[in-house]
Every structure is written in C-alpha cells, then in structure tokens.
Amino acid sequence: MLAARNPSINITGLSFLLADPNPHSTAIIHGILRGFGANRVVEVRNNRDAVQVLTEQKIDLMMVDPTLPKGGGLAFIRSLRQDPNSPCRTMPILIITGDTRTSMVKAARDCGANMVIAKPMSPASLYERLTWVAFHPRKFIETATYFGPDRRFKIEGLPNGKGRRAGDSQIEIKAEEGPTLSQNDIDSLLAEARVGGAA
Amino acid sequence: MTNKRSAHKEYDVDHNFGRLARSPGGVSREAALQRAAAEVERLKPQVTEHIRQEFKRLEAALRSARSGDQPAAIAEAYAASQNLRDVAESVGYSLIGLIATNLCTIFEAVETARIAYPAAIIDCHFKALHLSLSDPYHGKKPHEFPELSAGLAQLAQIAKETTADPDPALSKKS
Chain A
1 MLAARNPSIN
11 ITGLSFLLAD
21 PNPHSTAIIH
31 GILRGFGANR
41 VVEVRNNRDA
51 VQVLTEQKID
61 LMMVDPTLPK
71 GGGLAFIRSL
81 RQDPNSPCRT
91 MPILIITGDT
101 RTSMVKAARD
111 CGANMVIAKP
121 MSPASLYERL
131 TWVAFHPRKF
141 IETATYFGPD
151 RRFKIEGLPN
161 GKGRRAGDSQ
171 IEIKAEEGPT
181 LSQNDIDSLL
191 AEARVGGAA
Chain B
200 MTNKRSAHKE
210 YDVDHNFGRL
220 ARSPGGVSRE
230 AALQRAAAEV
240 ERLKPQVTEH
250 IRQEFKRLEA
260 ALRSARSGDQ
270 PAAIAEAYAA
280 SQNLRDVAES
290 VGYSLIGLIA
300 TNLCTIFEAV
310 ETARIAYPAA
320 IIDCHFKALH
330 LSLSDPYHGK
340 KPHEFPELSA
350 GLAQLAQIAK
360 ETTADPDPAL
370 SKKS
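Chains as they are written, first to last, in this note's numbering: chain A, 1 to 199; chain B, 200 to 373.
Where hints are given, some of them may not hold.
What the hints assert, rightly or not - With a straight-line cut-off of 25 Å between C-alpha atoms, the simulated DMTMM-like cross-links for lysine to aspartate or glutamate are: (1) Lys-139/A with Asp-213/B; (2) Lys-340/B with Glu-128/A; (3) Lys-326/B with Glu-346/B; (4) Lys-106/A with Glu-360/B; (5) Lys-208/B with Glu-142/A; (6) Lys-106/A with Glu-209/B; (7) Lys-340/B with Glu-258/B; (8) Lys-139/A with Asp-211/B; (9) Lys-106/A with Glu-310/B; (10) Lys-208/B with Asp-83/A; (11) Lys-339/B with Asp-322/B; (12) Lys-70/A with Glu-307/B; (13) Lys-340/B with Glu-238/B.
By construction, these hints were calculated from the structure, which means they are not laboratory data.
The whole structure should be built from the sequences, with the hints applied where relevant.
So this is what it looks like as structure tokens:
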C-alpha cells in the first residue's frame with residue numbers, strides 16, 4: 001500500500017503504551033504524541049506493569065525501551081510475539097533506544113519489533129515512523145524460532161527511481177549542504193593531530 | 200491469506216493502528232508537528248532540571264570510577280550518560296547531547312571491548328559537559344563550537360580504536 005508523499009495520520013482515539021524506565025524520556029514522547037492528537041497514552045516503568053496494562057486495556061501501539069526492567073524490553077516483546085493466545089501478538093511495537101549499535105538493531109529486529117526509533121527523538125522523526133507503520137503494513141512471518149513482521153525490508157530506492165529492485169520506489173533526498181567545518185578548521189585539527197602524533 | 204511453506208507461514212496483518220491512523224480526520228501533519236514542538240518546549244524546564252541532576256549523578260559516578268569499585272561506578276556513569284543523551288537534544292541542548300553520546304560510545308567501548316578505563320578522555324568530556332551547562336555554552340549547538348565538537352569526536356574515536364591498539368598515554372589502568 002503506497003502512501004501519498006507526506007501523508008497525515010489520524011491518531012486521535014488510538015491507545016499508546018510507553019514502556020520505558022526513564023520518566024523524562026517518556027514525558028517527551030508523551031508530549032509529542034499529545035501534540036499529534038493522541039489522547040490515550042499510558043506510561044509504565046517495567047514489564048510487569050506493561051503486562052498488566054495489556055491485559056486490562058486495549059492498546060493499539062506500544063513503544064518499548066530495551067532497558068525495561070525486569071528482564072529487558074526485547075525479551076518482553078519476544079514473549080508477546082511468541083504467545084499464540086496473546087491479543088497483542090500482531091500489534092505494532094516500536095523499540096525506542098539511544099543504543100544504535102548494530103548488535104542492538106539486529107536484536108531488536110529479531111525479537112519481533114516493527115521498527116527501531118533512535119533517541120533522542122524529534123517530533124518529525126516520530127511522525128515519520130508512525131506514518132510508515134500506518135501506511136506500510138508488513139506481512140507477519142512465523143517460523144520455528146520467529147514470529148513477527150517480515151524482517152526482509154524492501155529498500156525505498158535511490159533517487160530517480162534507480163533502486164536495487166524493479167519495484168523499488170523513489171525517495172526524497174535533502175539537497176546537498178556545505179561542509180560543517182571550514183577548511184581552516186580542518187587544517188588546524190589535522191595540524192594538532194600531527195603535532196600530537198609526533199610528540 | 201496464508202502462504203504455507205515448510206515450517207514457514209506468512210500472514211497479511213492490517214492492525215487496528217493502521218486502519219484508524221489512515222482514516223480521515225485528526226490533525227494535519229504541519230499542525231501536528233507544530234503542536235508537538237510546543238509540547239516539548241513546555242517540558243523544557245522539567246527536563247533541564249533532570250539534566251542537571253543527571254550531571255551530578257555522572258560527576259559522583261566518575262569520582263568513584265577513578266578510586267573505588269569500578270564496574271558499578273562505570274555502569275552508573277554509563278546510565279547517567281544514556282539519560283543525558285536520550286533527552287538533551289529533544290529539548291534543544293544539542294551540545295550536551297553530542298557530549299553525552301560520545302560518553303556513551305566510550306563507556307560502550309569499555310564495556311564491550313573491555314578496554315582500559317580511558318580516564319583522560321572521559322575527564323575531557325566531563326569538563327566539556329560542565330562547560331555546556333554554563334554560559335556562554337548553555338543551549339548552544341555543536342556547530343557553534345566546531346573546534347570543541349571536532350576535538351571531542353576525535354577523542355571518542357580514539358577511545359573506540361583503542362580496542363585494537365591500546366595507547367597507554369591515553370588510557371589509565373584501573
């Protein structure tokens with residue numbers, strides 16, 4: 001399903017669960033969601049409370065920090081995905097983390113999350129991800145060891161429609177900007193490094 | 200629809216979130232982003248206070264990391280750095296966010312690559328963080344201080360690369 005460029009989403013009335021041990025981080029995400037029109041946002045600080053909320057309330061999308069006590073957010077997501085009786089088995093789940101090491105991103109993908117959003121989060125980046133989840137639903141895959149969204153991401157393609165595959169679509173790439181450092185700064189940094197290296 | 204292959208099933212899933220989020224109504228994209236930015240701005244005093252508290256926590260942890268029970272102190276310093284990294288830039292404190300991100304990179308190198316505690320590099324970042332919380336650096340962006348930002352990035356890179364080639368001049372054994 002293709003979305004129009006820069007589509008809007010309507011999240012008023014949808015329920016969100018934010019599972020993150022850091023109350024200030026969730027306050028920011030909560031504020032952003034409120035700005036988007038969400039009026040049902042629940043915050044929890046550990047996976048026991050998350051389970052309780054999921055049992056008692058209907059949640060439409062969950063955001064989980066991998067450091068969620070006790071047992072970790074990734075194990076919590078995996079348990080939800082693996083439970084055939086869970087009503088939340090196919091619910092969209094986003095990982096929210098400042099740890100963007102490859103190992104973390106791979107672990108997030110393999111636990112069954114739909115997407116990883118890097119902290120710190122801007123309103124624009126969160127809006128983009130929510131739009132993506134809404135307009136690009138992915139097939140769910142079930143194997144002996146995995147249940148979750150298809151991990152084979154289709155790339156969005158390169159400019160002018162030149163992607164790796166015939167079906168790849170075009171993406172918008174920001175215009176090139178000048179270097180953030182002036183040539184004088186670069187020369188001065190390299191000079192210091194050379195002096196440091198020689199010493 | 201289910202496509203069956205050996206031990207492999209595929210399901211089309213159209214979740215409630217997608218169905219309702221795609222429905223007409225709600226707030227336009229531009230209005231949503233503007234309102235969200237205003238909400239974040241409203242939280243700024245609260246988050247600023249949190250940043251100051253995390254800075255104090257980091258300061259205490261680093262003091263212990265130098266002299267006391269290192270693994271616990273390093274874990275505490277890493278946690279404080281993560282908290283700073285996760286919120287600072289969201290409320291416009293990009294310079295603090297950059298320094299905290301560097302600190303996280305360094306602590307991750309200490310944790311995963313088990314490099315020697317790079318005391319000099321961490322001290323340098325801590326002093327930069329201290330500066331970034333006071334005038335004239337407070338609330339500034341990294342590009343306003345290119346030498347400082349580039350220098351710190353270079354130090355963090357050195358800490359990461361120490362994994363393969365430890366440099367005793369930059370690292371201090373615990």
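Compare the distance between the alpha carbons of Lys-208/B and Asp-83/A with 25 Å, and conclude whether the hinted pair is satisfied. 16 Å, holds
Between the alpha carbons of Lys-339/B and Asp-322/B, is the straight-line distance 25 Å or under? 21 Å, holds
Run the distance test for Lys-340/B versus Glu-128/A: straight-line Cα separation, threshold 25 Å. 24 Å, holds
Under the criterion that the straight-line Cα-Cα distance not exceed 25 Å, is the pair Lys-340/B, Glu-258/B satisfied? 23 Å, holds
With a cut-off of 25 Å on the C-alpha distance, tell me whether Lys-106/A and Glu-310/B pass. 19 Å, holds
Regarding the pair Lys-326/B and Glu-346/B, is the alpha-carbon distance no greater than 25 Å? Roughly 15 Å separates the two Cα atoms, so the pair holds.
When you check the alpha-carbon spacing of Lys-208/B and Glu-142/A, does it fall within 25 Å? 5 Å, holds
Within 25 Å, alpha carbon to alpha carbon, are Lys-340/B and Glu-238/B? 21 Å, holds
Regarding the pair Lys-139/A and Asp-211/B, is the alpha-carbon distance no greater than 25 Å? Distance of about 5 Å is within 25 Å: holds.
For the pair supplied as a hint, Lys-106/A and Glu-209/B, confirm whether the alpha-carbon distance does not exceed 25 Å. With Cα atoms ~21 Å apart, Lys-106/A and Glu-209/B stay inside 25 Å; holds.
Checking one constraint from the list: CA of Lys-106/A to CA of Glu-360/B, max 25 Å. Satisfied? Holds: Lys-106/A and Glu-360/B sit about 22 Å apart, inside 25 Å.
Would you check the hint for Lys-139/A and Asp-213/B, treating anything up to 25 Å between C-alpha atoms as holding? 9 Å, holds
Going through the hint list in order, the structure satisfies each hint without exception.
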